[in-house]
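Novice: Okay, here's what each chain looks like letter by letter:
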Amino acid sequence: DQQVKQNSPSLSVQEGRISILNCDYTNSMFDYFLWYKKYPAEGPTFLISISSIKDKNEDGRFTVFLNKSAKHLSLHIVPSQPGDSAVYFCAAIPTGNTPLVFGKGTRLSVIA
Amino acid sequence: GAGVSQSPSNKVTEKGKDVELRCDPISGHTALYWYRQRLGQGLEFLIYFQGNSAPDKSGLPSDRFSAERTGESVSTLTIQRTQQEDSAVYLCASSFNRGRGYGYTFGSGTRLTVV
Numbered sequence: 001d002q003q004v005k006q007n008s009p010s011l012s013v014q015e016g017r018i019s020i021l022n023c024d025y026t027n028s029m030f031d032y033f034l035w036y037k038k039y040p041a042e043g044p045t046f047l048i049s050i051s052s053i054k055d056k057n058e059d060g061r062f063t064v065f066l067n068k069s070a071k072h073l074s075l076h077i078v079p080s081q082p083g084d085s086a087v088y089f090c091a092a093i094p095t096g097n098t099p100l101v102f103g104k105g106t107r108l109s110v111i112a
Numbered sequence: 001g002a003g004v005s006q007s008p009s010n011k012v013t014e015k016g017k018d019v020e021l022r023c024d025p026i027s028g029h030t031a032l033y034w035y036r037q038r039l040g041q042g043l044e045f046l047i048y049f050q051g052n053s054a055p056d057k058s059g060l061p062s063d064r065f066s067a068e069r070t071g072e073s074v075s076t077l078t079i080q081r082t083q084q085e086d087s088a089v090y091l092c093a094s095s096f097n098r099g100r101g102y103g104y105t106f107g108s109g110t111r112l113t114v115v
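In order, the protein sequences belong to chains A and B. FYI, the numbering for the first sequence is 1 to 112, going by this note's numbering. FYI, the numbering for the second sequence is 1 to 115, going by this note's numbering.
With the rest of the complex left out, here is chain B (with noise of 0.2 Å):
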């Protein structure tokens, strides 16, 4: 696509719920990235896959969180037994190898609730 696509756009749901949120890069970006935004902060970092290289993991908040991605293709990322602080804008990313020229395309978010 010519996008940076992200499914749901929202998502509300129970306290203790598993939540999965997808991610579909622009064809031919090897890397891929997933931020959050929470209320009234700014973009933190989660995960980054690139190429077929081990994931970055460092930026996962607790070991709920997990994400995969296949190759050079879809991201899935999973919140298992949601809490009310993983309410967030979750926001994935991709780019050529290091994108530096041009940053990143990001997609619109999934504004997930937890309830």
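Pulled out of the complex, with its shape left as it was, chain A reads as follows (with noise of 0.2 Å):
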């Protein structure tokens, strides 16, 4: 049973336009929301984190929107670079002191 629910496996963006990656979850007790980035043979690293008081939250080039009565979070990169090409993965956590729970990540290629 799937909590974080990335239903887009690829996404394909020219240089320059916005790339928009989604997220949808399921568990109400989630709040607090993490995109991660995955080069290949590499670990997943940071990139921009939400709380679920916001419902925006930006970082350069990076935004992430949430909107938790649909239980839904975008990630909006823009302008897209193709550096930018990678797995990008969705994560959420409850309150308390328990793991991360990820989505199955949505491989993004940014064409020069």
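It should be emphasised that the hints constitute simulated quantities derived from the structure, not laboratory data. Warning: the hint list may mix true and false statements.
Unchecked claim - Take a look, some chain B residues computed to stay more than 12 Å from chain A by CB distance:
#	residue
1	S62
2	F65
3	G71
4	V74
5	T76
6	T113
Claimed, not checked - Derived lysine to aspartate or glutamate pairs resembling DMTMM-like cross-links, with alpha carbons at most 20 Å apart:
#	chain 1	residue 1	chain 2	residue 2
7	A	K71	A	D55
8	B	K57	B	E44
9	A	K71	A	E42
10	B	K57	A	D1
11	B	K57	B	E68
12	B	K11	A	E42
13	A	K5	B	D63
14	A	K54	A	D31
15	A	K104	B	E44
16	A	K104	B	E68
17	A	K56	A	D24
18	B	K17	B	E68
19	A	K104	A	D24
20	A	K104	A	D84
21	A	K71	A	D31
Just so you know, even glycine gets a beta-carbon here, dropped at the ideal spot from N, CA and C.
Join the two chains into one complex using the hints; note that each chain is given alone, in its own frame.
Specialist: Listed below in structure tokens is the structure:
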């Protein structure tokens, strides 16, 4: 039973355009959400996070939006660059000291 | 060290053999996690250590899997009598306590292939 769902396994975007990666979750106890980026043969690296008390968090070209009523979050990358090509994982954590729950990931390809 | 170190980076083993994977967390990180990623799947939680507390083993898929951690240092994940479905990349991560602000720092993983 997937509590964090990334329904698009892959996404292709042209350089300079906006990339939008989506994530849905089912557990209403999740109160903190994170995006990780993973290059081949490397471990995932933290990208950006958002608390459930916010609906938007921005860091440079990366913005995460949270819609709690829809249990949906999205990561926007603008403008997209070829170096952004990677697998992006959505992750969530419930209240309490428990491990992150990850989605299956979306492979982003930014085409020059 | 500066990051989370995992060894070996690659391991090919015959079905039925035991394997041991090692993780060296960032110094001072009290929490340590093991995840695995099988082909086409997401990151699957296996086990979690927090300081001297009893580990959370709720993600271990069978009793062939076990892990140890001494204090706040190195952890080893042991898989006994390996099966082909154990083939995956095994990832270790560490964090300060809950690590909620910055998430986890992951190692590069051990790619395990059971033939």
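Novice: Please go over all the hints and tell whether each is borne out by the structure.
Specialist: Outcome of the hint check:
1. Look at B/S62: its CB is around 19 Å from the nearest CB on chain A, clear of 12 Å, so calling it non-interface holds up.
2. With a least beta-carbon separation of about 16 Å from chain A, B/F65 lies farther than 12 Å from that chain, consistent with its non-interface assignment.
3. Consistency note on B/G71: stated as away from chain A, and its beta-carbon is indeed over 12 Å from all of that chain's, at 18 Å minimum.
4. The claim that B/V74 is not at the interface with chain A holds, since no C-beta of that chain comes within 12 Å of its own (minimum 17 Å).
5. With a least CB separation of 18 Å from chain A, B/T76 remains clear of the 12 Å interface cut-off, as annotated.
6. Separation of B/T113 from chain A is adequate, the least Cβ-Cβ distance of about 14 Å exceeding the 12 Å criterion.
7. At roughly 11 Å between alpha-carbon atoms, A/K71 and A/D55 fall within 20 Å of each other, so this suggested pair holds.
8. Taken as a hint, the B/K57 and B/E44 pair is honoured in the structure, with Cα atoms around 13 Å apart against an allowance of 20 Å.
9. About 30 Å separates the Cα atoms of A/K71 and A/E42, which puts this hinted pair outside 20 Å; it is violated.
10. Restraint check for B/K57 and A/D1: the C-alpha separation of about 18 Å stays at or below 20 Å, so the hint holds.
11. At roughly 11 Å between alpha-carbon atoms, B/K57 and B/E68 fall within 20 Å of each other, so this suggested pair holds.
12. Restraint check: the Cα-Cα separation between B/K11 and A/E42 comes to about 16 Å, which is no more than 20 Å; the hinted pair holds.
13. Distance check on the hinted pair: A/K5 and B/D63 sit about 28 Å apart at the alpha-carbon level, beyond 20 Å; violated.
14. Of the pairs offered as hints, the one joining A/K54 and A/D31 holds, with about 10 Å between alpha carbons and a cut-off of 20 Å not exceeded.
15. Distance check on the hinted pair: A/K104 and B/E44 sit about 9 Å apart at the alpha-carbon level, within 20 Å; holds.
16. Distance hint between A/K104 and B/E68 is unfulfilled; the C-alpha atoms sit about 27 Å from each other, more than 20 Å.
17. For the given pair, A/K56 sits about 16 Å from A/D24 by alpha-carbon distance, which is consistent with the 20 Å threshold.
18. Note on B/K17 and B/E68: the hinted pairing holds, with a Cα-Cα distance of about 19 Å set against a maximum of 20 Å.
19. Among the hinted pairs, A/K104 with A/D24 is consistent with the structure: their alpha-carbon atoms are about 11 Å apart, no more than 20 Å.
20. For the hint pairing A/K104 with A/D84, the CA-to-CA distance comes to about 18 Å; that is within 20 Å, so the pair holds.
21. For the hint linking A/K71 to A/D31, the alpha-carbon distance of about 11 Å falls within 20 Å, and the restraint holds.
The structure is inconsistent with the numbered hints 9, 13 and 16, although it conforms to all the rest.
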